[in-house]
Amino acid sequence: MGEAFAIARRLRELPDDALRRLTPDRRASSARIADFFDFAEALLDDASVARRMALLDRDTLAVLAAALDETERQSLATTLGREQSEVDAALERLEADVLVLDDGAGPIRPVSAVSAVFEEWAASGKPGRAELQLPAEAPTSHTTRPSPDTDALASERAAGAVGIVGESLHELDREPARLLGRGAPSMPDLKRLAAAAASTPDQIELALSVASAAGLTDAIGSAIRVSEVGEAWLASATAERWLRLATAWRDAIPATVRDHILTAYRRGSVDLVEELSWWYPLAEDAVVTPTRAVDAVAELLGITVDGATSGFGRLLVDDHAADAASTLASMLPAEVSQVVLQDDLTVIALGPPTAELDVRLRALAEPEGRAQASRYRITTASVTRALADGDTAEDLLAYLESISLTGVPQPLRYLVSEAASRFGLVRVGTIRASADASADPGRSSYIRSDDTGLIAAISVDQSLVALGLRPSDEHRLTSRIEASTVYWALHDARYPVVAEDDGGTPLRIRRQPVMRTSLSAPAASTEPDLVSRLRADDSGDTSSAWLAKQLEIAVRDHTPVTVQLQHGERRSTFTIEPVSLAGGRLRGLDRSADVERTLPLAMITEVRIAG
1 MGEAFAIARR
11 LRELPDDALR
21 RLTPDRRASS
31 ARIADFFDFA
41 EALLDDASVA
51 RRMALLDRDT
61 LAVLAAALDE
71 TERQSLATTL
81 GREQSEVDAA
91 LERLEADVLV
101 LDDGAGPIRP
111 VSAVSAVFEE
121 WAASGKPGRA
131 ELQLPAEAPT
141 SHTTRPSPDT
151 DALASERAAG
161 AVGIVGESLH
171 ELDREPARLL
181 GRGAPSMPDL
191 KRLAAAAAST
201 PDQIELALSV
211 ASAAGLTDAI
221 GSAIRVSEVG
231 EAWLASATAE
241 RWLRLATAWR
251 DAIPATVRDH
261 ILTAYRRGSV
271 DLVEELSWWY
281 PLAEDAVVTP
291 TRAVDAVAEL
301 LGITVDGATS
311 GFGRLLVDDH
321 AADAASTLAS
331 MLPAEVSQVV
341 LQDDLTVIAL
351 GPPTAELDVR
361 LRALAEPEGR
371 AQASRYRITT
381 ASVTRALADG
391 DTAEDLLAYL
401 ESISLTGVPQ
411 PLRYLVSEAA
421 SRFGLVRVGT
431 IRASADASAD
441 PGRSSYIRSD
451 DTGLIAAISV
461 DQSLVALGLR
471 PSDEHRLTSR
481 IEASTVYWAL
491 HDARYPVVAE
501 DDGGTPLRIR
511 RQPVMRTSLS
521 APAASTEPDL
531 VSRLRADDSG
541 DTSSAWLAKQ
551 LEIAVRDHTP
561 VTVQLQHGER
571 RSTFTIEPVS
581 LAGGRLRGLD
591 RSADVERTLP
601 LAMITEVRIA
611 G
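In the UniProt record's numbering, the protein residues as written are 1 to 611.
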C-alpha cells in the first residue's frame, strides 16, 4: 500500500515522455489502468518488475541487489567498492524505472517484488544477489584485431550500402512497397527491391531499417514511399549519404544498451553478443536480438568488418562524425561526371557517377547495373518520361552532348527525335465531377488521341480488357478504372502514353503498390494514449477522486493513514486504521484515542501514509 501511494505520487510528477517510456517497458495493459494508482500497481506487479530488472546491466543490478541490505547511498558505495558517482547514477536509473523508492531524505528502498525476483532467478540457476555484487570484468578473449585490409574492405562495404539504399529508394520511387501489419515490407516487395539493388532480401530489410531511421522513407497508409529527405539524400555525395545512414544507425541503438555497444566498438571490437550477454546476464533475447540487429547494420555500413571496427567507424562512435565522413571520402574512388554514349543506346560511366549525373541520367535512361562502371540504357519509354517532366528533344540532346566523351551516336539522336515526334499521341486523364462526368456516368478516366487508328487499336487490345474501355467518340475512350492504373496499363503495353491534368499539361505518374486489405497496416488509433488519458482525468492532490482513491486502497490493504480535515477556518488531523468508505464517509479506528471515528469525505483535504 505504501509503495503504491508513493509511486502514484511520483508518477504524477514525472514528465509525459518518462511515463510513456515506462508503459511499453512494463507492458502495462492500459485498458485496466484508470488512474495513477492503477498505473503504480501495474508497475509493482511481480512479473512487471521482473521484466524491467531483466533489462538492467550488471552494474545497476549490483546496486539494486546491495540496496536490499544497505539503504544509505554512502554505505552502498563502500559495500560495492564503487565510486559514489557510479552508485548515484545507478540509483537514478533504478528510480526512473520504478524499482527503488528514494525521496532524497530517507533510506533507499527497493520495491517489495525485487527480493522475490532475485530469489526466483537464483533458484533457476541465474546469477544471484551475492554473485552480482562481486567485482568482475567483461569478457575480452574474443577481441578481433583490425587487419591491414580492414579499412579498404570497410570503404567498399560503405559504398555498397549507400548503393543498396539508393537503388532501393529509386525503386520505391518507381513503385512504393506494400507495408505489412508487422511494419515490414512484404516478401514480394523485398525480392523486387533486391533485384533492383543486386542484393538479397535480408540485406534490403536491413537497408530499409536504417533508411527509415535516417528519415529517407515514409510509411503512408499501407505503403513505404521515398520521403522528401530521401529525395534530397539521393542528390548528395556518397560520403554524405553514408554519414546520414551511419549517424542514424548510431542514434537508433536502444538506449538500454547504447553505452556498452559503443564502448565495445571504440575498443576495437569484441564478440558483441557475448559481451552484451555478460553485461545483461538476465535479459536473454531482449538484449541479444537488438544487439544482433545493431551489429548486422554496422557490418553492412562498413563501421565494422568481420567484428573489427574500421578507422572511420571508430571516428563515428567517438562522436567525430564529420571526420569519419572525410576519412571515408578520401578512400572512395573518384566520381566521374562524363560518360561514354554507345551505338546500342547504352550509357557507360567509367567509375562511380556523381550524384548529379546519376539523378539526371535516371530521368532519361534506365539503370542496368553498378559495378566498376555504371551502365544505363536509353529507351523510347525513358525519353518519353523525360519529355513528360518538361524537357524537349533539343534539351535532351544538348545535355547528352555536354556529358559525352564520344559525342552523341546517330541511333541515339534518331531515338530521341522519334520519341519526341510520338510524344503525347495518347493521353490519359481523370474525369472530374463536371459536365464532362455527366456525359460518362460511372466512368473515372479517359483515353484520348487525335489518331483514330490508335484509339481503335487500343479499344480492341486484349491485354487491356480489364480496363473495361468504352468509346465516347472516335477520338476518346473511357474507363471505370482510375487514371493512374489506365496510364500504367497503356505504358506496359508500349503505347506512347502521357498522363495529363485538366488543362492538358503532362503529368508524371508513379506506380502505386498493389494493396490487399487483409495485409494492410492497421489504421492509427484515434483513442488518446494512456498518458494523455491519465493527465486528462487527473484533478490534482486535493481532488475528491484522488483522495477517495487513496482511501479506497487504504481500506482494502488495512493501511493506517493520517488524514487532515477542514472545518471552516479550523483544521484537524487524525491517524486512523480505515475500516470502510461508503456514503461519502470514512469510518476507522483511532488507536491514540481508542475510539472509532466517522469522517465526512467532503471535509478531508489530505491523505498520507501514517508513520
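Any given hint could be a false lead.
To be verified - Just the calculated beta-carbon pair ranges, DEER-fashion: (1) A152 with E92: 40 to 46 angstroms; (2) T200 with G128: 41 to 47 angstroms; (3) S463 with G215: 38 to 44 angstroms; (4) A255 with S417: 57 to 63 angstroms; (5) A152 with A116: 43 to 49 angstroms.
Derived from the structure by calculation, the hints contain no laboratory data. Idealized CB from N, CA, C, for every residue including glycine.
Checked hints:
1. A152 with E92: 40 to 46 angstroms: holds, 44 angstroms
2. T200 with G128: 41 to 47 angstroms: holds, 44 angstroms
3. S463 with G215: 38 to 44 angstroms: Roughly 40 angstroms apart at Cβ, these two residues keep to the hinted range, so it holds.
4. A255 with S417: 57 to 63 angstroms: holds, 60 angstroms
5. A152 with A116: 43 to 49 angstroms: violated, 55 angstroms
Violated hints amount to a single one, hint 5; each of the other numbered hints is respected by the structure.
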